Each structure stands twice: as structure tokens, then as C-alpha cells.
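Trainee: This is what each chain is made of:
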Amino acid sequence: MEHIHGPEMSNEQLADYAPRIEALAKDRGLSFYPVDFELVPATFMMEVAVYGLPVRMPHWSFGVRYIYQYVQHRMGHSKIFEVVFPGNPNRAYLVDDNALPENTLVTAHVLGHADFSRNNQLFARMQHEVGYHIVEQAAARANRIQAAIEDRGQRRVEAVLDAALALESNVDVNQGLNRVDYPVTRERPVRPQAQGFQRHYNQLPGEQPLEPPPAQERVPIPPAPEYDLLWFIARYAPELEDWERDIFLAVREESFYFYPVFACQIMNEGWASYWHARLLREAEFLPHRVYLDAIKTHSDVVRPYAGDDAVSLRVNPYHLGFSMWERIMRDCTLDEALAIRRDEDDFSFIRNFLDEDLAAELELFNYTRRPGAGGEERYIIRDREIDSLRENILSPKFNYGGPRIYVRSMGLDGRLDLAHDHHNDGRGLDVNRSRKVLNYIHRIWRRPVRLETVDHAGDPKMLTPEIGEK
Amino acid sequence: MRDDDTQPISRMAVRNRWYDLFSRGARDWLRHNQKVRDAVRDHLPDMVTGSDILSRPGDRTLQVPVRFMEHYRFRLRDPHEDDGVGQGSGKPGDIYRTGGQPRRGKGSGEGGSGEGEFQFVLEFKVDDIVDWIWQELELPDLQPKTADALQDDELTPEGWDRRGPRSRLDRRRTVKEAVKRRAVQTDPVPFTDDDLRYRQLSRRRRPAMNTVVAFILDVSASMDANRRKLSKAFFFWATQGLRRQYGNIETVFVAHTNEAWEFSEEDFFQISATGGTVASSGFRKVRDIFDERYPSAQYNQYIFYASDGDNFADDREAAESLATELGGRVNFMGLVETPQNRFEAARSETGRLFKSLEARNYPVSSYTVHADEDIWEAIRAFFRRQASTAQSA
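For the record, the sequence lines run as chains A and B.
If you read the first sequence in the numbering used here, its first letter stands for residue 23, the second for the next number, and so on.
If you read the second sequence in the numbering used here, its first letter stands for residue 1434, the second for the next number, and so on.
Bound conformation, chain B alone:
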């Protein structure tokens, strides 16, 4: 025994449930995730063009695999080789390989980065991402076009009348009238013609919010998988931008070579075909579909056409007249050009056609996309244009 006899003795507290309330670890973990989100957000262009970004159609979230953030410390360069101490019955010269054996551990209390690679998945709402892009581009919030834009007739129930077709008889109201009348009459009959009430409809104008987007994809042999991927990425984000503006969007998918066909979204990007490029076939198909199902009187119409820009010389006149016709009636028509050679952009057949329409003040524009990093620029350009037309409207 030493000098401890005067010391108070130890305490043993066996129950202390309030510790359950601590959750600092979870709090700091959430903060970490917030930082990851911010970091991802700072790298929007990479994210927008990343190959895995396009999840299944209709999926309103994107799953982005991310790594833990590392809190950096000074560290020595990884040596080519180094020494350590192990334990066991091995003999000098024995060789062990990674996989079967654990790596040499670090001292306790060391920061937990390098130990094993965990990955986790953060889910981002597509709407959030579009919002971020909007902020990043400092674009104004868009209002649906109202003033001179398309107008729909709409019949809404409004008020009542004593005369009308039988089908609009309002029974509840009629009985109410009868009850009121009977209450003040001394010898009432159950119903009179004066009790009848008919619902009235009124005709109103309302801004058209219906929107149709037609995607035309050139699937001739020269459009390889990479060009389609680029087109798809652009289509996806352009649609998201339109969704921000219009609540309800319908989509039409048309592929063409020298003929054109309509496809479902699932099949659309799988198609491959052989044949030459006749752009007018695609335009004609879209025009017919619009005429049949999405009349311009009721729909905002958008067309995106993805092509490497080649077109048969024979088709020049037909393509020009159809493109001009469509350009004159749609809200917007865009060309996503994936040229064979970066420097051929806008010198191609179709590129020139769109440029000339744009020069004549049609709502037409073209975007050249050669590699992943160009998509960001193209989307910026498209969104900027959307924002400015919406403001001037």
C-alpha cells in the first residue's frame, strides 16, 4: 500500500441511459455528406457528362458513386519497398502476397483514410441538379409563357341556370331549392319546374402547358455508339431543362436513315441500321406525328435532331423545305451535331441548313458536341437561350 488511503475510492455507475442521446458521430457524418454534395456540385460539368449519369428513363434520381473525403495529413511518399515486423512460423525467404494477408496496420489513433476503400452512393434528385445548373449559369427562373403564347380553350363549371340540358341537372341544388320553397309554402307540392337548377359551363382561355419534345436520331452507319451516347446525354439534360419550365412533357422518338420510324424510349438508343442519311425523312415523320397527335394549337413543340451532319445531296431541297416549315411553327428546333472531325462543325450539310435558318431568325440553333466535355457547353448554350427567349416572351 502506498499513499492512497486518503484518496476517495473509485465509483462504479452502472446505469446511465442518457448516453443513448449522443449522436455526434452521425452529426459529423452528415456534415461529411453535405461536403461531398457540395464537392459534387462544384464538379457539375463532370457529373453531367459522366457516362453513368443516364439512369433508366423515368427515374427521377441519379445515383452517383462517391468516395469518402480524405482529411489530408502530411505523409511520406509511398516507398517502393519497406520493412515491417510480423509474427509466425515462416522461414526467411518465404513469400506472401496481398489478398491472403492483411496489410501492416497503422498505429492506433491514426486518421481513418487509407484503410480499405469504401465507396458509397449518394442519390441526387435530377430536379436539384437542374436547379444547380440554373444557379451555376445564373439564369432567371422561367415562367410559363402566357402573353402571346399558345392559348387553350377550357370549359370550367361556373354558376347555374334555370334552364339547360338534362345531363347537367344539379340534383343537390334542385332539392335544396325545393326544400326552401316548401318551407315557406302552406300546402307545398314536392317539385316544381322552378326548382330545377342546371350547372353552367363557361369558356375560358388558359395558357397551354402541354409540351411535346421530338427527338430525331440519325442512326445511319456513321453514328457510332459514342456519338449516340453524346446525343443521349444532350437529349436528357435538354429535356430536364424543359421540364423545369413546363410541368408536363410528352416525348416522341424518331430514328431515321433514308426512312424514319417511331420508337419507344427504351428501344430508341439501341437501334442500329444501315443505310444512307436522308434528313427529310425524319423531319417528315415528326411533322406527321405532330399533325396527328400534337397539334400546334395545343402544344408547345420542341425538336432536337442529333446527327453527324451528313445528308444526301439529293435530299437538300426536301430537307430545307421541311426544316423551314417546322422551324416556322415549333417553339424551338435544335441540332446536336457530332461531326466526324471537330473542325468540320457547321460546315456539314445539315449544319449549314440550321445555321441559315438561325440567321433568318427562326427559333433554331445548333450545338457541336465532339467529346464529353463539349456537352456541358452545349447544355449551357441551350439553357441560356431558353432563359432569354422566356424572358423576352
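Next up, chain A with everything else stripped away, as it sits in the complex:
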């Protein structure tokens, strides 16, 4: 790079640009915790993208994702620009092979994320619960798990991770990260006074007055449907060892940490894209050439997947979020926009701010996938109706993207009774996969496990682990 463009185009230049872009961002109204930027090799970046964290617990399933990513990368289908981990400080990784204009753009982009993660309510709550040093925490946990592998053997640790990681999205973020156990007893609800015949009967001559029932009663476990399966297993599995509980809680904490990124993806990427475009436009200290190359990269990133006259069956979240924020910044004051960024997540953002005008401008449409006569998939464009557009955009995001599965009861013998809220999910579970997951759970729960869902016809179906599976 250096000898083509001269030293002023090398990434060394970033050390000069970064503080100036940062000052500009603060001047324009963004506020964020400081960012530790690091330029890293593309190979390392790929691992960060695969693991979700720079240093994370070992598990073979990450190896599979890694190979997918590696193949994509080698075929030139995937280019990673940055990964940022919210915290105080934030940690941002940039690719050292990317050119200076790209990395300048990414620096501004990261500052947009840093502002979002500090100020958005959902991010702020999760940050507060998880702590502000996820990268270090995850690395420490990875070390503990590595130690467990040495102490207990790979197979045992893997069995725990198989179960815990499979249930990664089966958490209840509304209940918070730090929960107390269920109370053991509770006040017995007061029975209404006997009336009519019953009262007369109780007062028949010779009848002893009824003993008043004890004021406390045992609380069933769980007292109400429990959707946080990782927590429930960690707290209530009959024979879980401490090191196994440690792994479950580690996976759960990371899952809480990832939730805001998942639930605010459109908003957050849109916000960062809006600000990288604007900050670079207003950064007068940037050489013209750097700006032009950076803006080229910008248009690649926020490009709709559909080309000029093509049709795409996916929507680029960067494009959607960016377009929405441009609209908002045009129509609202800065303070109003900052309030939106503070208060909303993707669900309310899409429902409140994706209006018919914008949807028409973006040419969004609803389609239905339906198998054709020859078994091939057919995608039929249905309409451009705004309410279904919003719900169809959001539906993959409900409930952390997974089926709603809850603990219905735990027997006195330790039997675990799970159930699937098929009513809200609209259909039953994939039976084969679900039984494999039950295998994972069974190995950790070590007592009978079953799960009720519905079959094709909507009739109840009870799933149990596969017998004889080692």
C-alpha cells in the first residue's frame, strides 16, 4: 500500500485522524465512553466475528462457523470492516489490511456505535448488569473453562457446553441477569368465608370448628412458567456440579450481553452509518482522496441488496436503518433524534418510524414462500401493506430468534417438564432437532426430561430424548 499511495495513505495516519473525528463527534452531540481501537490481522478479525468475542470458550460448533466464514472470506464473499464491543472502554477492532479510507470510515462508524451503546436504554441496562468489561470477563471465563477441560476432560466439559450453547437464546432478559431463587414458601391465599349451606353445615351441632390451614404453603418449582432455561438449569438441576453451573452462567451472561446487539441491529447499524457518513462529510481535515474513497465504501455498505432493477428477498439492515435515520434527522430536531436513539429498540423503532412513505420509497414488499408443483420454492410478491411489512421484518427477532420454550414443572423426583408455547409461535417444533437438544439437556439434568409441543395436525406431542444415545 505504502509505495503506491505514499506514506500519507497508510493506516499510521489513523492515529492522527481518530482524535479529530472524535472531537467532531462530540461537537455534533454524540457522547460515548472512550474506545480502544486496535488494528488486527484479517484472520484474527474472522475469529472475532465467529466467536462473537475476542477470547471465548472453546467449542467445536465455533469451528464449523469458522470454516464457513473462512470459505466465504477466501471466496471474497465476505469482508469484515470492524467489530466493536461496548463497554467502558469500548473495544474496537479494525482490519490492518483494509485501506486508510476504509478504516477512517470505520473509525467514525465505531463512534456512532459507542454513542448508541452508552445511551440506548436497553444497552445501558444490559451493560449495567453484565459489567463494562465483557472482553476481559469472557477471556477469564474462557480460561476457567480451559482449566475445567484439563481437570474434568474434554468430553465432560463439551457435554455441558453442548447443552448451554444450544440454549443460548433461551433466556429471559426481562427478568434480569442477577436473579434470586424462587421463595420456598408463600402466603396461602385467604379462602373466602363459607357461605349459605356450607356455613350452616360447618355449624351443625357436634361439628368441630375447622382447623385453620397453615398460613404458609410450599411454592411449586417454578411458580410460573419459566422461560430462562439457562438460569433454571443452573439453579435447579438436581445433580449439577459447581463447575458445570459456572459454565451455564457464563454462557447466560454472554447471551445477555449479546441481546441488545440482536434486538437493536437495524437501529444501531443505521445510527452508526448515519454518523459515519455525516462525520466524514463534515471532517474538513480529511484529504479529498480519503473522503472520496471512504464514501465509496459507505455506499457499498448501505446499498440495498437489490440492484437497480433487481429484486431481493432480503433487506439490508444497514440500508433500512440508515434510510430511516436520514428521514428522522431530516424531520426532527437533534434532541428528538437523540431521544429516539435512547428510548427505542428495533421493535418500537420499526413500528413507530417505518411509515408508508418510506416503505414505498425503499420499494419494500411482502412475499410468500410456497413450494411449487415440482417441489421447487416459489416466492410470490404479495403486497406492500405497511403493517405486515413491519411485522414481517420483526418476526425473526421475536424472543431472541428462537421458539418460546418454558419450564412447566419440576417433579419431586427431579423430572423436568418443558413445554412449547406453540400458540404464540404459530406451529410446532422441528421434532428431530428438538430431540437432539433434549439429549444435550438430559446429559446435564440427569433425570427424565420431556417437552410438549404440537404435531402437524396441531395435536399435543410429547418429545423425549433419544434412548441409547451416548
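Keep in mind that the hints were calculated from the coordinates and are not lab data.
It is possible that some hints are incorrect.
Claimed, not checked - Quick list of the computed label-pair ranges, beta carbon to beta carbon:
#, chain 1, residue 1, chain 2, residue 2, range
1, B, Gln1633, A, Gly175, 56 to 64 Å
2, B, Gln1703, A, Gly175, 46 to 54 Å
3, A, Gly98, B, Gln1467, 25 to 33 Å
4, A, Gly153, B, Ser1522, 43 to 51 Å
Computed from a prediction, not measured in an experiment: that's the story for all the values here.
Where is the CB? At the ideal position from N, CA and C, for every residue including glycine.
With chain A's structure known, arrange chain B on it following the hints.
Mentor: Just chain B now, with coordinates in the frame of chain A:
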């Protein structure tokens, strides 16, 4: 400006080469592959009988196509139809088909199974697979037969002598002797007869490790492609088992109808012929080949005969006498029977012949193979027998 002025400012670290050292992705990928190997190993019977298992002769590895393992998650049943959002200028009613268009993407951070089907190929050493089978069957490791087994004479150079044929004159040693002698003599001559040294050979006995395996395939019209495939699979694994025991194996391939011919391995399984089944022709051919090229004094001899079991009634006496003769001198003779009907096993002409030899304590056995899944049983039975005879030897 808000409340950040007191915050430390961001850092930009431009060089950090140590990140090159990370390779957790590769580590977890290797672990995945290890798990796949274990899984494949747990399904040895499927693997042993899989149709593609028999790679080219001489190839000492098998390539097994495997799929990525899936880390399972709870998922909803695939719906018959579902809805999504797209973008572009299409009009309601427009239809797109798979192939041209990407499938709707999943949310980021989702596990990477369902996206596209990658397959990859794992290479297994045939020796490893045989080792696994051995472990699976809990068989003891075999030693080459030594005690009463075949013995070969072997001449090895051993020591020297002052007399011998000229051809075994050891010049180096002779010159050394001459040098020593000249060193102590005052007026030495260059060479004397006493300096001459001759290499000495000694005759030793050693266990015979040479092994010949003859495969006889009935190629009469009733042996269809599937029966041959089954026979071939059995032949292959039986040979591997013998290879474990003996280092060096030679193979003989004989096909017969009412005549018999010897073939190369490549051609052997391609042959088709018409004609009746005369088992004695195959036995006779093998006997002649053994007599000519692989005398029993020097070779461990194995015979495997694959047939659907029919034999001409006229041939009964000839087949019986030849089979008895061979059974009396070979290490082992096996019949791989691929009967027309599962329930006819061992009731066929040739089946009965082998059973009667086995009953008379000849080293003879028969295996009935009707479908892929039977091969595993047959191989187990063969290996078990190998292990037990080797132990009792």
C-alpha cells in the same frame, strides 16, 4: 458537548502483530473433525458396507464424504409456507423461484448450520479402520504363526573362514589380515594364502511370512452386479484383516463358470460370462496356480470363494474331492455365499459341501451375505475366527 470532557480519550493502536498467533478457530475446527471421525467410527458397519468404500486397488486410504456436524438448537418445524420482506421493483403477483434468488437470510449471530450445504471429505487409513474393527470386536492382536507353522530355510551371512569358494572371498577382510601381518613381520610379502578370508553362510529356519490369497468368483449368469459388489466388499475387508497379520500378501484372482481363468485385479470384477457353474474348475485352477507359483512349503495359503451356491450336480464328486484336497493344505478356505433366497443359505450345493468340511474340522467356513448389512456380520465372523486360530496356534 456533554459530560465527557473528563473521560480519557480513545486510543488507536496501529500495530499489534501478536494477534497473528491466535488460531482458536482452527483449534475448534480440528476438534470438530475429531468428533466427526469418532462419529464415523461409531458407524463402522455402515462404513464398511457403504457402496463407495472400495476405492481403487492398492489405495491405502478411503475417502469418506461427511457432512458438517450440526450443533442442534430448538427450531420451529419448517412451515409449508411463510412470509418475508423483500426489496425491489417487483409487482404483486410476481413469482421468483429458488436458484436465481438468495434465500431469506437469518438474523446475525445465528448458528451457522442451515446456510448452504458444504460437504467435505475425510481421509481414513484402511489400517486405522481395521484397527477400529479389531477394537470393536475386542480381538487380541495377532502374532505371526511361529511354533508349528510353516518354516522357511534362510541363508544368512555369518562369520568367515579361511577356505571357501572364490566367489565368497571377502577382499576387505583379506587386506586387513594382510596389513596386520605385515605390521609385525620384518620383511613381509604382500599376500599369503593365510590372509585369505571367505564369507561364511549359515542355514537358519525362519517363520514363513509369505501369504497368498486366492479369490474365486463364480461369474455365471446368476451372479448379478449386486452379488459381486457384496463379494467384493467381503474380499476387500478379509484381505485387510490378513494384511494385519502378515505383512506381505500376494493375491490371485480366478473367475469360473464351467471353465476357470486367472485375471488381474482390475479386470476381475468387470468380468461377465455365460455358462453353468462348475465349482471344481475354479478349485482346480487355484490348486494348479498354488502348485506352480506358491508352494505350501513357503506360503500361507488362503482361499475365498464367492458364489450363489449353485453347482452342477454332475460336478459334485469332483468339487468335493478338490475342496477336500485344498482344505487339507491351506490355512483357511472360506465360502461367501450370496444365495438367491436368504432362507436357502447353507442348503445349496456348495454351501453343504463347505459345511461338511467344516464339520470334519477342516479350516473351512462359510458366510452368508444377502444384503449390505450382512457383510458386517460376515467380516466379524471371519476376523473372530482368525483371532482364535492365531491364538490357539
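Trainee: Give me the numbers of the hints this structure contradicts, sorted from smallest to largest.
Mentor: No hint contradicted; all consistent.
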